[in-house]
Amino acid sequence: GAGVSQSPSNKVTEKGKDVELRCDPISGHTALYWYRQSLGQGLEFLIYFQGNSAPDKSGLPSDRFSAERTGGSVSTLTIQRTQQEDSAVYLCASSLSSAGGLSNEQFFGPGTRLTVL
Amino acid sequence: AQSVTQLDSQVPVFEEAPVELRCNYSSSVSVYLFWYVQYPNQGLQLLLKYLSGSTLVKGINGFEAEFNKSQTSFHLRKPSVHISDTAEYFCAVSSSGGSYIPTFGRGTSLIVHP
Numbered sequence: 019g020a021g022v023s024q025s026p027s028n029k030v031t032e033k034g035k036d037v038e039l040r041c042d043p044i045s046g047h048t049a050l051y052w053y054r055q056s057l058g059q060g061l062e063f064l065i066y067f068q069g070n071s072a073p074d075k076s077g078l079p080s081d082r083f084s085a086e087r088t089g090g091s092v093s094t095l096t097i098q099r100t101q102q103e104d105s106a107v108y109l110c111a112s113s114l115s116s117a118g119g120l121s122n123e124q125f126f127g128p129g130t131r132l133t134v135l
Numbered sequence: 151a152q153s154v155t156q157l158d159s160q161v162p163v164f165e166e167a168p169v170e171l172r173c174n175y176s177s178s179v180s181v182y183l184f185w186y187v188q189y190p191n192q193g194l195q196l197l198l199k200y201l202s203g204s205t206l207v208k209g210i211n212g213f214e215a216e217f218n219k220s221q222t223s224f225h226l227r228k229p230s231v232h233i234s235d236t237a238e239y240f241c242a243v244s245s246s247g248g249s250y251i252p253t254f255g256r257g258t259s260l261i262v263h264p
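Residue numbers (our numbering), protein chains in the order written: chain L, 19 to 135; chain V, 151 to 264.
So here's chain L without its partners, still in its complex pose (with noise of 0.2 Å):
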């Protein structure tokens, strides 16, 4: 596809629900991150996978949080027993891996506005 593509855009749902957020990153891309995008707040890290790696998990909130990659491309992200101070708009980014930290630039989707009743 053109950019990274998120699924749903928008999600509401119950307290105490299961989600599951989608990310196609850009073909070719090997790394690819999910953030947190809290109201008046910066971009939280959530996980970063980089092609068959271990993914970083160091950023999720709580262990009802998960995500997994699949063939290293699409990627979903869980969220177990929604609270409402999940509520956010989830970003997921992807980048072109480089060698020594990153240098390239990440390129983000739209993001899926989660909202939690």
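No lab work stands behind these hints, which were simulated from the structure alone.
Predicted, not measured: the structure shown is a model, and the values here were computed from it.
The reader is advised that the hints may include incorrect statements.
To be verified - Example chain L residues on the side facing chain V (calculated, C-beta under 7 Å, incomplete):
1. G60
2. L61
3. Y66
4. P79
5. F83
6. E123
7. P128
8. G129
Claimed, not checked - Short, incomplete list of chain L residues facing chain V, as computed with Cβ under 8 Å:
9. A49
10. Q68
11. D74
12. L78
13. S121
14. F126
Just so it is clear, CB atoms sit at the ideal spot from N, CA and C, and this is done for glycine as well.
Dock chain V against chain L, hints included.
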């Protein structure tokens, strides 16, 4: 550990006026620096980045930023803004030493008035 501080949460300005959005960072290692723009209901888009070399970096839409190592700053500037520049602007830093996880500032909302 690294951190980013965007000193202004909101910057109102009139159309055709110059603007500066401030960004300061802290890091114990060499860094890469980025500015991203986010228009309403969209993802972030890269404006410019500093990796090495010339400290004055030019980006898209007439924006530029200057890396100042002694002041640990990377302020974004535009000599004459347009209504269409109204958006949220994020400064980000990543270490050049191997971490692939950037740190973002909280963002500055640029509001351009006619």
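Taking the hints in turn, this is what the structure says about them:
The criterion of a C-beta within 7 Å of any C-beta in chain V is met by G60(L), whose closest approach is roughly 4 Å, and the hint holds. Among the interface hints, the one on L61(L) holds; its C-beta lies about 4 Å from the nearest C-beta in chain V, closer than the 7 Å criterion. Nearest Cβ of chain V to the Cβ of Y66(L): about 6 Å, under the 7 Å cut. The hint holds. With a cut of 7 Å, the hint placing P79(L) at the interface with chain V is violated, because the nearest CB-to-CB distance is about 15 Å.
Checking F83(L) against chain V by beta carbon gives a least distance of about 16 Å; that is not within 7 Å, so the hint is violated. The interface hint given for E123(L) holds, since its Cβ lies 5 Å from the closest Cβ of chain V, which is under the 7 Å cut-off. The interface hint given for P128(L) is met, as the beta carbon of that residue sits about 5 Å from the closest beta carbon of chain V, less than 7 Å. Hint status for G129(L): holds, given a least beta-carbon distance of 6 Å to chain V, under 7 Å.
Here the hint on A49(L) is kept, as its CB sits about 7 Å from the closest CB of chain V, short of 8 Å. Here the hint on Q68(L) is kept, as its CB sits about 7 Å from the closest CB of chain V, short of 8 Å. Of the supplied interface hints, the one on D74(L) holds, with its beta-carbon coming within about 7 Å of a beta-carbon of chain V, less than 8 Å. Look at L78(L): its Cβ only gets to about 13 Å from chain V, farther than 8 Å, so that hint breaks.
A hinted interface residue such as S121(L) counts as satisfied when its beta carbon comes closer than 8 Å to some beta carbon of chain V; here the least separation is about 5 Å, so the hint holds. Because the beta carbon of F126(L) sits about 3 Å from the nearest beta carbon in chain V, less than 8 Å, this interface hint is met.
Of the numbered hints stated above, those contradicted by the structure are hints 4, 5 and 12, listed in ascending order.
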